[in-house]
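Residue numbers (my numbering), protein chains in the order written: chain A, 766 to 1172; chain B, 766 to 1172.
Any given hint could be a false lead.
Because identical chains share one entry, a pair is satisfied inside a single copy or across any pair of copies.
Said to hold, decoys possible - With a straight-line cut-off of 16 Å between C-alpha atoms, the simulated EDC-like cross-links for lysine to aspartate or glutamate are: (1) 813 to 1099; (2) 914 to 792; (3) 1132 to 1169; (4) 973 to 1014.
Hints were generated in silico from the structure; no laboratory data involved.
Below, each chain spelled out in residue letters.
There are 2 protein chains.
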Amino acid sequence: MKIIEGGVTAAKGFSAAVCAANIKYKDRTDMAAIISDRDCVSAGTFTKNVVKAAPVVWDRDLVYGSNTARAVIINSGIANACTGTQGMEYCQKTCRAAEAELGVPADQVFTASTGVIGMQLPIDRLSAGIGKMKGHFSDDIEAGTEAAKAIMTTDTKHKEAAVTIDIGGICVTIGGMCKGSGMIHPDMCTMLGFVTTDCCITKEMLQKALSKSVKDSYNMVSVDGDTSTNDTVLLLANGAAGNRIIDSENEDYRAFCEALDYINIRLAKMIAGDGEGATALFEVKVINAPAKEDAVTLSKSVITSSLTKAAIFGHDANWGRILCALGYSGVSFDPEKVDLFFESAAGRIQIVKNGVGCDYSEEEATKILSEEAVTVTADMHAGSASATAWGCDLTYDYVKINADYRS
Amino acid sequence: MKIIEGGVTAAKGFSAAVCAANIKYKDRTDMAAIISDRDCVSAGTFTKNVVKAAPVVWDRDLVYGSNTARAVIINSGIANACTGTQGMEYCQKTCRAAEAELGVPADQVFTASTGVIGMQLPIDRLSAGIGKMKGHFSDDIEAGTEAAKAIMTTDTKHKEAAVTIDIGGICVTIGGMCKGSGMIHPDMCTMLGFVTTDCCITKEMLQKALSKSVKDSYNMVSVDGDTSTNDTVLLLANGAAGNRIIDSENEDYRAFCEALDYINIRLAKMIAGDGEGATALFEVKVINAPAKEDAVTLSKSVITSSLTKAAIFGHDANWGRILCALGYSGVSFDPEKVDLFFESAAGRIQIVKNGVGCDYSEEEATKILSEEAVTVTADMHAGSASATAWGCDLTYDYVKINADYRS
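Let the sequences and hints guide you as you build the complete structure.
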């Protein structure tokens, strides 16, 4: 596997365009489209929130009901969530505009929206935006980067990643982009993520690979414990690489999955590190737990603890809050067997042994906690399962951003 | 039922004392003791956190293993949690000091601690503190108030409440105090709460009344989603009122329960309103849900949503976040049937009808949300069960307090 530059236009046959459609933001791009030059098979994972945005319902029907797909139309600013039947009509109108302007069948177009909940989309400006993008599609790396920028809301950085792998002597590319900064606590899936590949793979294997991959990537991220109404990850494969088709769980499939996991975990960590107001990426590793499920629950409990997140912001080695968060996770364990470690670019120290604080240097701990990426490892000494979750610190800026997001 | 002044010394036969024992805080009282002049029956509910503070283990053994109790010794500043066998020894030493200095049998003394996790108690100063309190016990209302102040940590207000009820022509008094401001998400019970009564009631009925009452009071409060290691509510009844004994679920029991519920809900709401950094008490009522359990889950999901809490701080009628939080609660419902209302001393408005925003005045909504106590009502139109949860807004000060709590 080789890490390369780029995102959704890295794979052969995919191009992208953006425009400033004035949907809610002024003076910036707020629409992006991805098109494949040939039919794709598609896979998707979607929010488990009972309140589902219109595009989530639309895309789910397309992933589960259709064998082919060609394009994705995305807007930022307004989420098209809690918008009733009108919201669904607007999905249809978006896809019809794509058919009219871009020449892709309306029933092969995904839509995705992100932003404020409860407002209706300005559908005329959205349709006009699709017209503006016509003739401006490019398969350059930069076109993918511009798309990653256009879909941002409170994100401070655009997020993309790409790799190549060798399948039977053929170079296969996977590239992706995502957005997400607040209302981040993916369940079954995440915020918005779009991954494209020129791999030749069956729809069934594509979905299997994606469903497995999101569990260890986006689903292990939490910025604020709020599972969005719009969480969507789409994966499009157009077969342009010309590799032998992947149609079973063979060696090629495993190579593809490994590369897909890399992309998704990379993007997931970018979301956590760019959490609203965050100053640090906060990683929690739980090791030697009785079962994988326990390790997942324990690590997520710490990553979502407001008190722990505030302590990380304060560079305070407040390990009692970490033990406390493990304790209320719902997983049964012996507190007097737990060891805790802090780790970052500045070093590694043990702070708890057998559930009681070690005689560590507060100064050294603070130094370790002052880095941009901080890891806590909890050794449960109760088995061999492990899990890693990603989040961020809780800061004044998180409150500031969210106390007045709509205005 | 008649609401009266006072707290833990309101009921006959209970007296209290406080002292500045220099446990962690300087220049303030940090120890309190409550003593009954005769044997009490006791009831208790305790944290479900796997990581239990030493006093929780000590008190649980006393509630479940002994028929009588006489006193409670409480300290603030250090929580005696994650302190291993030494922590348990310090509970024992505390109770032995109480026996030596105050003349109450060591095996009839409860202990309770609140503050920083992971530090050992300065047991010599704690024992000396018990000595200082000797001879200073008083059954005045003020003595109860001083006790409520001594047990505060990041609380900004002391919290106490008392009522009298008539049982068979006899005046029975129930009074209580509590503390709690952060790490508040009681599960099975709460922070620290102490309720005393001169009611004549069996231990069995006392525990039954308390277990029922905490479910609708402390267990419906969340400040930050963090369930503490020290959550404890103790209820002592010394029978000094001389009423006919309550030994079955009769009319007297129901009157007692009603009064106990009032005290516990009043104290619980005080905790929510005094949540760390809070500027507003945030109440969430879920009505017409399919089952009580669903209503509890839905209301707690909204009360713990960081995004919703930040919006309340910003006086922003961001109802999309409320619908979203209902949606990810895990309860199944039809979003297109949900109605939402905002209410406070400044008025009441409907903001969502059938899952879609109403044409309400943002100005009026902001005015309603600018009060010190704000209520959201979610009508699920799916049954007849209801529940109310209490929390607070998420503010800069919450972050400030918790980014550097230990120093």
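Exercise. Does the structure break any of the earlier hints, and which numbers would those be?
Worked result: Going through the list in order, the structure violates no hint and respects every one.
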